[in-house]
Structure formats: C-alpha cells, structure tokens
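*Asks:* Heads up: the sequence lines are chains F and U, in that order.
Sequential numbering from 1 applies to the first sequence in our numbering.
Sequential numbering from 1 applies to the second sequence in our numbering.
Don't take each hint at face value.
[Claimed, not checked] Quick list of in silico lysine to any residue cross-link-like pairs, SDA-like style, CA-CA up to 25 angstroms:
(1) U:41 - U:80
(2) F:427 - U:45
(3) F:488 - U:249
(4) U:124 - F:472
(5) U:124 - F:488
The hints are simulated quantities; they were obtained by calculation from the structure and are not laboratory data.
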Amino acid sequence: MGFAWGPGDILVYETQNKASGPTGSGCAFIHVVRKDEDIYSPILRKLFNESHHIFVGLQTIKDDLPSKSKKPQFVSISRNYRSVIRACMEELQQAAVSANDTDMATQYGNQVSILLAIELIWNLCEVLFIDAAPAGSLLLHLLDWVRLHKSDVDEKAKGVLQSDSPAEHRDYWDVVLSYVLQGRLEDTRKMLMKQAMLQPAAKSMYKLMDSLLSKMPFYNPGGTQTLTEFDVKWRNWHEEVDRYLKDNSFASNQHLEVICKILLGDEDVLLEHKELLSTWYYFLITRLLYCHPTVKPTELHYYAQSSMMMFLDSGVPEPLDSILLAAFEFDIHQVIKDCSIALNNWWFVAHLTDLLDHCKLLQSHNLHFGSNLREFLLLEYASGLFTHHSLWQCAVDYFDHCPEFGRVYLELQIERVPLDTERKALKVLRICEERQMSEQVRSICKIMAMRAVRNNRLGSALSWSIRAKDAAFATLISERFLQDYCAKGTFSDLDLIDNLGSTMLLSDRLTFLGKYREFHKLYGEKCFSDAAKLLLSLMTAKIAPQSFWMTLLTDALPLLEQKEVIFSAEQTYELMYCLEELTSSLITAASGSGRPMQEEDVEVTKVEMLRLALARNLASAIVKEGTMQT
Amino acid sequence: MFVARSIAADHKDLIHDVSYDFHGRRMATCSSDQSVKVWDKSENGEWHCTASWKTHSGSVWRVTWAHPEFGQVLASCSFDRTAAVWEEIVGESNDKQRGLSHWIKRTTLVDSRTSVTDVKFAPKHMGLMLATCSADGVVRIYEAPDVMNLSQWSLQHEISCKLSCSCISWNPSSSRAHPPMFAVGSDDSNVTYGGKVQIYEYNENTRKYSKAETLMTVTDAVHDIAFAPNLGRSFHVLAIATKDVRIFKLVPLRRESTTTGPTKLEVQIVAQFDNHNSQVWRVSWNITSTLLASSGDDGCVRLWKANYMDNWKCTGILKGDGSPLTGSSGQPSAMSTVVGSSIQTSQNALNGMSAGRIAKRASFAPPLRQLTSPKINQSPAYY
Numbered sequence: 001m002g003f004a005w006g007p008g009d010i011l012v013y014e015t016q017n018k019a020s021g022p023t024g025s026g027c028a029f030i031h032v033v034r035k036d037e038d039i040y041s042p043i044l045r046k047l048f049n050e051s052h053h054i055f056v057g058l059q060t061i062k063d064d065l066p067s068k069s070k071k072p073q074f075v076s077i078s079r080n081y082r083s084v085i086r087a088c089m090e091e092l093q094q095a096a097v098s099a100n101d102t103d104m105a106t107q108y109g110n111q112v113s114i115l116l117a118i119e120l121i122w123n124l125c126e127v128l129f130i131d132a133a134p135a136g137s138l139l140l141h142l143l144d145w146v147r148l149h150k151s152d153v154d155e156k157a158k159g160v161l162q163s164d165s166p167a168e169h170r171d172y173w174d175v176v177l178s179y180v181l182q183g184r185l186e187d188t189r190k191m192l193m194k195q196a197m198l199q200p201a202a203k204s205m206y207k208l209m210d211s212l213l214s215k216m217p218f219y220n221p222g223g224t225q226t227l228t229e230f231d232v233k234w235r236n237w238h239e240e241v242d243r244y245l246k247d248n249s250f251a252s253n254q255h256l257e258v259i260c261k262i263l264l265g266d267e268d269v270l271l272e273h274k275e276l277l278s279t280w281y282y283f284l285i286t287r288l289l290y291c292h293p294t295v296k297p298t299e300l301h302y303y304a305q306s307s308m309m310m311f312l313d314s315g316v317p318e319p320l321d322s323i324l325l326a327a328f329e330f331d332i333h334q335v336i337k338d339c340s341i342a343l344n345n346w347w348f349v350a351h352l353t354d355l356l357d358h359c360k361l362l363q364s365h366n367l368h369f370g371s372n373l374r375e376f377l378l379l380e381y382a383s384g385l386f387t388h389h390s391l392w393q394c395a396v397d398y399f400d401h402c403p404e405f406g407r408v409y410l411e412l413q414i415e416r417v418p419l420d421t422e423r424k425a426l427k428v429l430r431i432c433e434e435r436q437m438s439e440q441v442r443s444i445c446k447i448m449a450m451r452a453v454r455n456n457r458l459g460s461a462l463s464w465s466i467r468a469k470d471a472a473f474a475t476l477i478s479e480r481f482l483q484d485y486c487a488k489g490t491f492s493d494l495d496l497i498d499n500l501g502s503t504m505l506l507s508d509r510l511t512f513l514g515k516y517r518e519f520h521k522l523y524g525e526k527c528f529s530d531a532a533k534l535l536l537s538l539m540t541a542k543i544a545p546q547s548f549w550m551t552l553l554t555d556a557l558p559l560l561e562q563k564e565v566i567f568s569a570e571q572t573y574e575l576m577y578c579l580e581e582l583t584s585s586l587i588t589a590a591s592g593s594g595r596p597m598q599e600e601d602v603e604v605t606k607v608e609m610l611r612l613a614l615a616r617n618l619a620s621a622i623v624k625e626g627t628m629q630t
Numbered sequence: 001m002f003v004a005r006s007i008a009a010d011h012k013d014l015i016h017d018v019s020y021d022f023h024g025r026r027m028a029t030c031s032s033d034q035s036v037k038v039w040d041k042s043e044n045g046e047w048h049c050t051a052s053w054k055t056h057s058g059s060v061w062r063v064t065w066a067h068p069e070f071g072q073v074l075a076s077c078s079f080d081r082t083a084a085v086w087e088e089i090v091g092e093s094n095d096k097q098r099g100l101s102h103w104i105k106r107t108t109l110v111d112s113r114t115s116v117t118d119v120k121f122a123p124k125h126m127g128l129m130l131a132t133c134s135a136d137g138v139v140r141i142y143e144a145p146d147v148m149n150l151s152q153w154s155l156q157h158e159i160s161c162k163l164s165c166s167c168i169s170w171n172p173s174s175s176r177a178h179p180p181m182f183a184v185g186s187d188d189s190n191v192t193y194g195g196k197v198q199i200y201e202y203n204e205n206t207r208k209y210s211k212a213e214t215l216m217t218v219t220d221a222v223h224d225i226a227f228a229p230n231l232g233r234s235f236h237v238l239a240i241a242t243k244d245v246r247i248f249k250l251v252p253l254r255r256e257s258t259t260t261g262p263t264k265l266e267v268q269i270v271a272q273f274d275n276h277n278s279q280v281w282r283v284s285w286n287i288t289s290t291l292l293a294s295s296g297d298d299g300c301v302r303l304w305k306a307n308y309m310d311n312w313k314c315t316g317i318l319k320g321d322g323s324p325l326t327g328s329s330g331q332p333s334a335m336s337t338v339v340g341s342s343i344q345t346s347q348n349a350l351n352g353m354s355a356g357r358i359a360k361r362a363s364f365a366p367p368l369r370q371l372t373s374p375k376i377n378q379s380p381a382y383y
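Bound conformation, chain U alone:
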C-alpha cells in the first residue's frame, strides 16, 4: 500500500528537478521560474519551505546536494549557460525561529558557451569536486581545493564529448581498484556518432580523463543516466533512461601491467524494459542498489527489482499523483479479489509477477464480522 501526501510547491513554472540531501531530511527543487527552493522535513514529517531565491537568469535544469561532510552546499545549473554553487549561512536567531535560512552564492562557473544541462558532485572520497555537462558537448570538472573556502573553484578538466550532453553520472565506487569514472549521456539527434552513452575514466599516469567505452547499442536520445551504488562488486551497473529503460553491467577486464590507457570494459546488457511505452526521462537507484525507479512520458513511475536469481521485474507502478496503478486486464486468475484486499507493494515479487502490472492481491482478511467476537482464537470462517 502506498501512502501519498501532497506539498504545494509554489513554483511559478515547471519544476525540472527535485533532489534529496544525503540524509533525506532536506529537499531542493528547481524550476523554469529561475528559482531554487529548499525544503526541510520537520519531526512530524511535514515539509516546510525554508528558502526560496532566484538563482539564474534562465530555467534551472538541475539541482544537487554535496555530501554533508562539506557542509550544506548546493549546486545548480541552468539554461543561462552557468552553473552555481550555493552555501547555507546560519542565520540570525529570529530567522531560525521563523524557520528561514539564507543561501549565498559562492561561485558562478561561467565557462560554458551553451546551456548547462547537468551538474553532479563527485563521490566524497574525491574531495569537493563537481562535473557539469553542456549542450555544446563539453564536460567540465571543477575542484575546490579548500573545503572551507567555497569561492575558490578551479577548472581541472575540460573534456569534449563531440555530442550534445544531457546528463552525467559519477561512479560512486570508492574502491582502490576502481579509478574515478563518470558516464555521460547525450540527446543529440546526430546519427553519425552511434553510441549516445560514453564512459570516461581517470588515468593516474596521464592525470587526465580518457574515454574508456562508448555504448554503441544506445542510439536514441538519452535523458538520464545513473550508476548504481557499488556494494563491493568488481563490476559496475549503469541504468539509462532513453526510449526505454536499460540496465548495463560494465565489467573491468584484467589488463597486463604494461598497458596504459583506460581499463577495458566489457559491456553486457542486463535488462531492457519498454513498459513505459514512451520516452523515459529519469532513472534513479535506491541506496543499496536493490531497486531502480524510472519515470516516463506515460505519466507513471515504475519500480524495478532483481530477485535472488538476478532476474529483473517490475514490482510497482505509481501514477502521477502518487496513487498506485490498479490492476487491469491480464492478471493471473489465481489472485481473486476478496473483501478487504490490500494492494501489493513493491517489495513483494520474489520471482515472477506479470511484468508491468500490479495485481490486486487477496489478503487473508475474513468478513468483517470477525471484529465483533472478542475471542482471538477464532479462525476466520471464509477466505
């Protein structure tokens, strides 16, 4: 059973991105109205807007939080060709009482000549670093060497991807065996360059990022891309939102010590789902990489889970207003509805459930007359 609540967002235009902070107690939203809003969750679970300010002179595409080790820091990127880094200033006591906080701009990153489509902080073990990607196909990596002085950022790398970039994702693995890596997706309509997802890896020797792999099988526009949390595996898992949902496994191949250059990666497709039947715009993993969620133009969010045999199946569908999609035709006949049936939640499928649909599962609820008898040991009369 899903429980949904609504928050009146109060943005004056479309919301493009919503991002939770590391602990899930704060949220940032950004919109075409050029502003960013920060929300705090109170102890009773209510969300309050604690800050709202104009951030750019164009639509703000993405907003993202840095790891709390660096303090309360946000980054935003916009159509106005800039990305900005913001820090929260602890306000006066009367502000705090009113539940307001102030965010000030620490730096503006103005190197891009076109709309900046995505901004993401690197994993914390790399220090305070972020990557931006732009419509002109350039990925820029900036670093703040002094974490106490957020106004000093230096452009460390500028990488040309040759295709207009739409999204970027850092590999969160902090294992020594894995050098820093990110994946960049493109929504370029150019067909000469086939693969729309490129993987770049940092090379200790050359001190530069070089392309490790292009996923040639992804030829349609890519809208979102996300590495899964690593869990100590030797290989990487990458989810891609394109005309369908795809999950790839990238296995680093062993190389001889003499070879320089990026690790060779073996690309395997793990799953491909076209249940959205339309463009898929977002993909995102949960903390333990056991669940993937995707959203698409069909106005639904779908949840995907691998069972213990590593088969991926859909375990839940949510509509735009947060309500679950109730079952329709195509249900297995064994699951009949009974009085008081409960709707299945996403954690259920251990194996096999008809893909793409929630069935109304029969619960064990008996007829309600159960309640009138005080004695607990009665077993229900009918199921």
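Looking at chain F on its own, in the form it has when it is part of the complex:
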C-alpha cells in the first residue's frame, strides 16, 4: 500500500502488498484521489471571487478610528458577505430546479441548504457580536433575524388572500397565528378584519382583540422613551391582556383565545404550535417577545438553552443547533470550532473569524501554527484555493494579509503553480516581483529558460535568463547562438538580439553576441567604416572569445576586398597582429592534437587568403593616407 502526495492534495495510490510481496500478479490500478472541493463548482466560484473583494476591502479599512465608531462599517461589510451568500444560493437553487440529472440536483440542493445554514449563522453572529445590540433593540434585531429566515408565511398568506373567501381558506388561521408568532401585529389585524366581517355576531370580540393587538408596545430605540419606561408600559399591557383572558372574553372563539394566550407568552400553547414555529430558535424569539422583550444579551443563553430543551423532544441537538446555541451563549470560539468541524470548506470560518477579529472580538491566543486563530484559518482557506487553476490568484491576497506565516506559505505555494503557458508564467512572476520574492523569480525564470533550451527556442531561453539575471545561463545560450551561426550562417531571433540594450552586459558572451549582431547590421546598412571599427574592437578589446576570431577575420575579408579602403593602416596592422596571435595559438594546438589533414588545409588556405588581403589593404591604405588632398 503506497501513495504519493501531489500538489493540490491529490493522493495517488498504488495497490500492492509490500510485506509478504506475492509476485507475479500484475498491478492493475493507480487511484487518483482528490478531495471533492467546492472550489471546483462553477457557481460557488463566484462566492469565492466576490468574497475575496470584500475581504480585501475589509483589510484596508484604516486603523486609526476606534473600533466603536467603525461598527456601522463592519455591519455593512457583514451584510455584503451575506448578500453574496444569498446571491449564490439563488443561483444554486435555480440550477437545482433546472438540473436534469437527479444526482446533480441533489448535490445542488445540499449546497443550497448548507449556504442557508451558513447565512443563518452569520446573520445571528452579526446581530449578537458585530452589531451587539443592547437590551431592547436586541429583541427587535432577533425578530428581524427570524422573520428573514422564515418567510414561508408570506407564501401561505398570498395563497390565502388570493382565494375567493380568504377567511374560509384552510390555511387562514395558520397564517394569522404565524403572524402573531412573528410579532407582525399589523398584518394580524388586517387578516382578522376579514374574519370579523364574516362573523358580525362576534363583532365586539374581534374589536377587542384588534384593540389589544394595536396597543402592544414595541420598543423604539431612536425614541425618547427609556427602556424602563417601555418595560412599565409593556407590563401594563400584558396585565390588561391577562385580565381579558381570565374573564373569558375570548372563551367562545378558540382561535382568538389561542391568540390571546400567545400574546401572554404561554409556553404550552406555543409548544402546541411547533409546526408553525418549526425551530427551537423561532420558539425562543417568540417566547422572548411575549415574555421578556427587554431581554439583555447576558440573559440570552439561559432562555436559549431552555427553549432548545423544551422544543426538541429527542434532546439530541444537531450540529446547527449546537452552533446557534453557542452563539446565544456568546461563545465565539465554540461557534468557530463547531463550524470548522461541520463544514467541509474553510470559507465560512475564515471570513467570519477575520471579520470578528477586525471588530476586536477575538482574544488572541498565541498559537504555534499561525500567529492566531484568524491567521490559521485564513492560511488553511487560501492553501485550499491554491490548487485551483484560476482561484489561486485570489489566494495570494489572503496570504498577503497573514503577517506571520503568509509570506512563507505564499513562497512555497507559488513555486508550485504549473507554468503551462508563458502568460501564466508572467502572471506568477509579476506577483513574485511585486513582493520582492527574488528567489522565486529566479527559479521560475530558470525553469522557463531550461524548458525553452530543451525545445531549442533559444531566443525565449535568452530572454528568460536575462530576466533571471542568470549570467552563467546567458553565457551558455549565447554560445549556442554563436554555434548556430557558425553552422548555419544566420542568426535566429534577430529581434531579440537587436533589442538587448543594456541587458547585454549581463554576460561577456552575451555582450559579444549583441555587438556581433550590431556589426552585421552596420555591414548590411553599408556603414562599412563603423562596421570595421566595431569588428576590430571586438578582437582588440577581447570581447570576442578567441575561438571566434577566425570567423571574425573571415568576416573582415569582404571589407578588405572592397574597392574603397575601409581599414586604415593602423587598423590593418592590428588585424595582422590578431591574425598572428591566432595562428600561433592554432599551431600550438595543432601540434598537440591530431587534427585531420583536411581541416588543416582549410585553415591554412584561409590564413593565406587573409594574409594576402591584409597585405593588399595595407598597401592601399598607406597610399591613401599618404596622398595629400588637394
């Protein structure tokens, strides 16, 4: 049983038995295993991209203001995240509905429900931790929270209202009760009006209920009323409702009586309507609304725990329930921990923790792995993104904002990005150069240069080695160019060599290559004297390697043969000197090695020709220089 790690968490298996090693059986299969990452889902990818924008925006919020005054900003960022989640959910839902294949539909459906749960948790965290409403407003925010996530009421209501006789619709009382449970008393009153019209005999009862409903006080955070004043008012109202219940004002109509009991926060009655409430946290909010609207944040956990106990028969909470309970208990770390375990993707916990950290809500433990929880989660999330062929670019920003280990993680990961195309390589390089990751820059350029050399694309190889500032490799490639020239008589990649500019100074050989090409250009443009000067300087300044001098001298031949005298006498002397130097070294070399006769013959002929041409030129030059211009 063996395996290998690939980049991107791909494990490859070999199936074999190593210990006793039965021989003979051919090994059938290698299994490639990949974590089924959400990053491979095209719809979720939008989630990752958009949240990346929000994340970067959050990091750049200036630190100079105290965090208290930044609260509205944080709340709005939190809302941005949530709207991104919702947008994604809607798309997934559409995809699920229109999917042909049931497996896909199920998968989409699962993703939708996970996102729903995530949004639910996030919203609650926003209410409790980020917005951190005090008593009074707290309940109002929680009420909004529940209403947002339980809007099937509106669906039902629409159905009821659109029917011919709404008050007789079978869902009518469900809708009315749901409205009451959500504290939507205006809507309740409107609905009850329809029933009241049908039962003129009970008109007074309905009128009473209507008045009670209209009188229920709701705390107004922006108003002048203090919490205590509100509390007093609410208690008075509560007592009034209680009196009417006790003296059987609604005894004849069981529905109205139920409503009355709900208004009094009767837990048993509430529990009778579990189906309408559907969740323990809805039950919790309703309970608080009608028993204790001035609930303080610190009191929440007690009510939450008891609500959960009362509501759940089996008593065994699901993961979502535990997470929400932990939130009500204001145990942020527990929330994060539980979410990390329950979800298969670090996206949620990473972004939420980051936001909470910015709100200064997380105490930093000093951890070994990553400087704190926030960094740990962001590193995990970003590392996961890196295996994706386009999302890895988002991941770079995340690493940038992890002060302790971000850079080193990025260095390790970015080296491994496959350099499929030049464009991709340039993208990666830009990222490294922006962050002064010089070693990675050098390495990537070297890899590309090596690849180019292997494929005989010398020009590409040269430009990569120049970018890598790799003098040794540049020398090597220049040699190859020169060898190619000797073999074929032409240069490849002229554009590149012509435009080397100052980069040709990287290596001597490269400088020579550049200058030699310049010589050819000058010759082509018939600037013979300039060409001649350059040619000579290449040899005298020792820029040209001696191995190449023969070629250079051969190149000088046509210049020597011109009708016009190009090389001056002095220059000719220098050329002769070079020739002598070359021939003497050739002789010593030849005497040592056993060179074939033909080669020697060619060499000798060449030298003879050169000597002749040089002599003739010298003669012409002396004559020319000696002649007076009249």
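Following the hints, position chain U against chain F.
*Replies:* Structure of chain U alone, referenced to chain F:
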C-alpha cells in the same frame, strides 16, 4: 468528500513507487517489471502514459524527479545494484502529436555492491546532487557539476552507516543557518546498533558529512522517512514510517564558536500513532508541512494534521481503492446521520475528533422537498 478515479497502470508486476514531479503535472511509476513509466496530466485532468521503458535488470525500487530548474530529469534505483539518471529528449514532431516522449539514460551509478534501496535528489540550492543508499549500509552522494551535461556525475561522498539502509531523506531547508543534512533509515534486523535512524550533517570545515545524531528510540525496522518542508522554522521536523508513525522535532542547539563537528540536535518526539496496527510503509508531507500522510499494511492511508494548538490528530482515512473509510463503532453520539449526510473531509478537525475514525457528519441538508419550492427564502423545515 473524496473523489477517486482509477488509472490502469499496466505494469506487469508490483508497483513499488509513484512520484509526482514538482508541479504535479507529471508522474513516474516504477515496478518489479524493471520498467519505469512516465505519465502526463492533460488539461482535462486525464493521465496519459507518455513513456514506458525498461530501466534496470532487476526490480526498480524508487523513482524520483529532479527540480525542473535542471530540466526533465528522473533518477531510479534498483535491485540490480545500480542507480540511473534519465533525461527527456524532446522528440520529433510526430512523436509529440502521438503524445510520446523519449527518455535516455545519462549515467549509471554502479558503485554499490548491493541492492540500491533509495535515491533522492538534494534540494535545488545545493545544485544537481543526489544521494543513494544501499542494502550494504553505504550512502553515496553524487554531483553533476555541469547541469547541461548530465552524463558527468562524480562521487563526492561515501558514507558508511553500518546498518543496511532502506530510505533516505534530504532536509529541504535552504536557510543559511542550516547546513546540508539528510536522514537515513534502516531496516536492519541487527539489534546491537540500537537506533535505526541516523542524521548526517555537512561540515564546512572538514568538507565532509558526519553523523549528527542517532534516534535511539527508533529500534524497529524503518521503511520510510521524510523531512517536512521548513517554513522558516529554526527546528526540523522528521516523520518516520516504522511499526507505527512517528514525528520527531530536531532542535539545533546553540554551540560555542570554538566547537567543530556537527550541530548538536535535541530530539523530541512530537507524536506517535499506531492506528495502522501494522507496519507503516510510507510517510509523506504536503507542500506546506501541514498534513502528513502515511500508508500501512492495513491497506489504508491516513492523514494527520496538527491543529492550531499543535496537537496532532488523524483527519482522514482512505482505503486501498481510494474510497474513504466509513464510520463504525465508537462515534460520538452527537453526530447523527441525516438525509443527505456528507462525509467529512480531512480539512475539518480543528481540534478533537475521535482519533482514527471518520464519523459521518450531519450536514445541514433538509428533506429533499426543499427543491420543489422556487422561493429561496424558505428555511428548511427540519434538520
């Protein structure tokens, strides 16, 4: 959730090693059928075999890639007492169209008198260098001074470890504070020499490798050994596959400037897992050294992760065919299965999950009737 695909390997005998290249786009496999196969991953994720050739005259034990800075280079080692270095030659255009490439042997390293059990390239900052270890207990380090001429390799060091060697691992750290270092493991049954893992370090002054440490607590046969990527830490982390999985921390102790000889290393055991309940044959780190994987005779691959408190736990188990091991007895009762439950993946455990088992985690999936209603704002009825 793990997704598994199978590739028909087509080796005529047992596969002994599989190795990814640096970028994860190519793979090499070697087998007792004496051949090595190279596979390329196409853009759609399919693996194609682009080369298959006979490499040795005995079972090929290991195959490894050099860093792409040196081109496309492989090394293999075999029971036939040799190790070989191979380079890919860019083929003719019609070969390329058929998706084939050619590998030629650049050199054969014949110094060993016994089966060569492992071959590994050194970290790239050391140049083009590789180490081999043999059953006769000798570690040999070769270098190619000219990276453009892979046929010239010279034997730079020959180190006798006194115990038959089975595996070798270079320390990947390129920090100036860390001289070149490798660890060698032994599967020798000899009990006189206690420690089966030795750490050697290069000494700038003597220009030789000398033994820095022997891990005396490892007394059983060692099958695989792997240094973790360094991440800028001052200490080293080493994983060992023996009768169980062990992770050691090696802390270099500060020495006075006058002392010569290798750095003193303080050895601490970080974790020890016997979940495989059998011999562990391979250990390997992921790129950022955050995950360790191990495979054993129980036919499973286990994934180990440290949480942010540096406690190591098992985060996943995969069976031989790539499917995850589904939960069995011993699950915490809080995680009940629900319709549409998803199987936990290895990235989950932040802290505490019962070691060695994946539990079927409840997802948030509601009953499937959710799908029929078009309105998104409905919250699920039941969890």
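*Asks:* Work down the list of hints and note, for each, if the structure agrees.
*Replies:* Hint check results:
Only pairs whose Cα atoms come within 25 angstroms are accepted, and residue 41 of chain U paired with residue 80 of chain U is rejected, the gap being roughly 31 angstroms. Restraint check: the Cα-Cα separation between residue 427 of chain F and residue 45 of chain U comes to about 22 angstroms, which is no more than 25 angstroms; the hinted pair holds. Taking the CA atoms of residue 488 of chain F and residue 249 of chain U, the gap is about 59 angstroms. The hint is violated against a cut of 25 angstroms. A C-alpha spacing of about 16 angstroms is found between residue 124 of chain U and residue 472 of chain F, which places the hinted pair at or below 25 angstroms, so the restraint holds.
Taking the CA atoms of residue 124 of chain U and residue 488 of chain F, the gap is about 36 angstroms. The hint is violated against a cut of 25 angstroms.
Hint violations for this structure: numbers 1, 3 and 5, all remaining hints satisfied.
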